[in-house]
Amino acid sequence: MKILVPVKRVVDFNVKIRVKPDGSGVDLQNVKMSMNPFDEIAVEEALRLKEAGKAEEVVVVSIGPAKAEETLRTALAMGADRAILVETDDAVEPLAIAKILKGIVEAESPGLVILGKQAIDDDSNQTGQMLAALLGWGQGTFASKVELADGQVAVTREIDGGLQTVSVRLPAVITTDLRLNEPRYASLPNIMKAKKKPLEKTTPADFGVAIAARLRILKTEEPVRRIAGVKVGSVAELVDKLKTEAGVL
Amino acid sequence: MAILLLADHDHAGLSGQTAKTLTAALQIGGDVHILVAGPNARPAAEAAARLAGVAKVLLTDSGTFEHVLAEPLADLIVSLAPGYDTILAAATSTGKNVMPRVAALLDVAQVSDIIEVLAPDIFKRPIYAGNAIQTVQTTDAIRVITVRTAAFAATAGGAAVPIEPVAAVAERGLASFVDETASISDRPELASARVIISGGRALGSLEKFNEVILPVADKLGAAVGASRAAVDAGYAPNDWQVGQTGKIVAPQLYIAVGISGAIQHLAGMKDSKVIVAINKDVDAPIFQIADYGLVADLFEALPELEKAL
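Residue numbers (the working numbering), protein chains in the order written: chain Z, 9 to 257; chain F, 287 to 595.
I should point out that these hints are in silico values taken from the structure, not numbers from a laboratory.
The calculated lysine-lysine pairs, modelled on DSSO-like cross-linking and capped at a C-alpha distance of 30 Å, are:
{"no.": "1", "chain 1": "Z", "residue 1": "Lys249", "chain 2": "F", "residue 2": "Lys593"}
{"no.": "2", "chain 1": "Z", "residue 1": "Lys251", "chain 2": "F", "residue 2": "Lys593"}
{"no.": "3", "chain 1": "F", "residue 1": "Lys505", "chain 2": "Z", "residue 2": "Lys251"}
{"no.": "4", "chain 1": "Z", "residue 1": "Lys239", "chain 2": "F", "residue 2": "Lys593"}
{"no.": "5", "chain 1": "F", "residue 1": "Lys566", "chain 2": "Z", "residue 2": "Lys24"}
{"no.": "6", "chain 1": "Z", "residue 1": "Lys227", "chain 2": "Z", "residue 2": "Lys75"}
{"no.": "7", "chain 1": "F", "residue 1": "Lys559", "chain 2": "Z", "residue 2": "Lys227"}
{"no.": "8", "chain 1": "Z", "residue 1": "Lys251", "chain 2": "F", "residue 2": "Lys559"}
{"no.": "9", "chain 1": "Z", "residue 1": "Lys249", "chain 2": "F", "residue 2": "Lys559"}
{"no.": "10", "chain 1": "Z", "residue 1": "Lys249", "chain 2": "F", "residue 2": "Lys566"}
{"no.": "11", "chain 1": "Z", "residue 1": "Lys251", "chain 2": "F", "residue 2": "Lys566"}
{"no.": "12", "chain 1": "Z", "residue 1": "Lys251", "chain 2": "F", "residue 2": "Lys494"}
Could you put together the complete structure from these sequences and hints?
If you want it as structure tokens, here you go:
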């Protein structure tokens with residue numbers, strides 16, 4: 009079985025982002041970029057399935073600017089076999105991403121697509137579910153455990169108030185949650201090796217997908233900041249203030 | 287045109303999320319129809335019918351929806367979609383699971399996690415874990431939306447409106463339910479609690495977390511939360527996690543104990559009405575957003591707090 013893992017290049021999770029003063033967006037100039045953390049977990053899960061003999065090949069794909077090649081090389085250095093870059097400088101919304109991925113799935117015929125539950129930039133949490141819908145496949149979202157069995161995959165999902173396990177017929181789409189695994193670091197020899205692994209370049213037009221935006225972004229602004237309140241000197245003072253001043257006790 | 291609102295329920299009753307999502311729906315404007323899908327879900331439908339502002343309730347009484355799997359539920363919503371220009375749900379684990387599937391099947395974009403309705407087609411939503419707020423306008427004929435309920439008040443009750451039966455759709459058998467482990471607790475749920483007390487990594491162990499946090503929670507009748515650091519360290523179960531990747535909450539009173547205030551945690555609780563921080567480190571970022579800060583050793587302050595309540 010082949011596993012397809014879509015990955016996104018995003019602002020590194022350690023970076024404190026800056027909103028442009030003119031409201032036109034978030035400043036991405038000279039900001040460290042990395043693979044979306046949930047996608048790293050997806051790559052790791054695919055590699056573990058391959059190492060356990062449950063899959064033969066791990067193909068990674070990224071849709072984004074030329075520099076997304078770096079993100080793909082990172083995935084290759086972790087152990088993925090080959091990569092596909094769908095190059096575009098436009099911002100592509102989840103629906104169009106899902107349509108492009110559908111085209112790749114039709115060409116590659118993977119048994120499983122594993123991707124992050126959301127990207128930490130736009131926080132949409134849509135692409136995996138949309139891809140499953142377009143393919144007519146089942147989905148196992150927010151996965152904290154994945155077990156492949158005959159023609160099925162059992163996915164334990166993190167839901168409000170507990171865990172739910174569903175059995176999804178293959179082929180299927182899985183989206184990863186934080187506790188699924190801890191991604192490995194790429195070793196230096198593997199980083200060198202990754203430079204020689206195959207990377208195919210395509211464009212959204214190759215898949216016949218129109219990537220025109222459906223959502224108009226009118227403004228991007230800083231959130232309203234809370235103002236620090238007062239320091240209290242003791243527990244007694246705290247309880248008193250909560251009772252009399254704040255009225256919440 | 288009308289608005290279809292997917293109810294959040296457990297068949298026997300409606301969760302508080304539905305009344306909050308309804309507020310957002312009423313701000314968008316139009317006749318709001320609440321869809322309740324599930325076996326023996328009439329009690330939930332009756333509760334939905336008594337929410338102020340609802341025009342009618344649609345009830346699909348079918349075992350297909352017992353475990354609210356995304357695949358059949360999306361097909362059901364899509365079968366009803368031609369009568370609606372807006373379809374929305376709370377951004378719960380169910381809403382997040384099913385709504386993008388609906389949007390893709392309708393070939394429209396989804397607006398995730400709205401926190402404000404500016405016009406019927408213009409919304410505010412957080413990006414970058416709440417570190418920026420985007421104003422977006424939809425251009426599709428049907429708007430598919432998930433609502434961050436912490437940002438909306440619940441609607442009041444009203445006179446009961448009619449409940450209409452709706453036919454289920456054929457099951458495609460893409461996925462099946464295996465089991466569910468609910469965290470059983472006598473305490474209020476995080477999403478709807480009036481008071482929340484949360485512990486962080488400074489608690490140091492599962493035993494200490496339980497020993498120090500739980501008695502105060504019991505005294506306050508509070509829900510218990512935890513930071514991601516505390517959850518990752520195994521001090522608290524995952525579904526107690528408050529933060530961008532956990533629950534987003536907005537109680538009347540939020541008490542953060544031994545939580546430094548990482549961006550990821552603040553994103554989950556900064557809309558609380560009153561925030562109290564108890565931390566040994568005077569420079570902890572949590573103090574920058576706390577209404578009341580107490581610089582103290584939590585192992586001394588918490589037992590004292592329990593006695594003072």
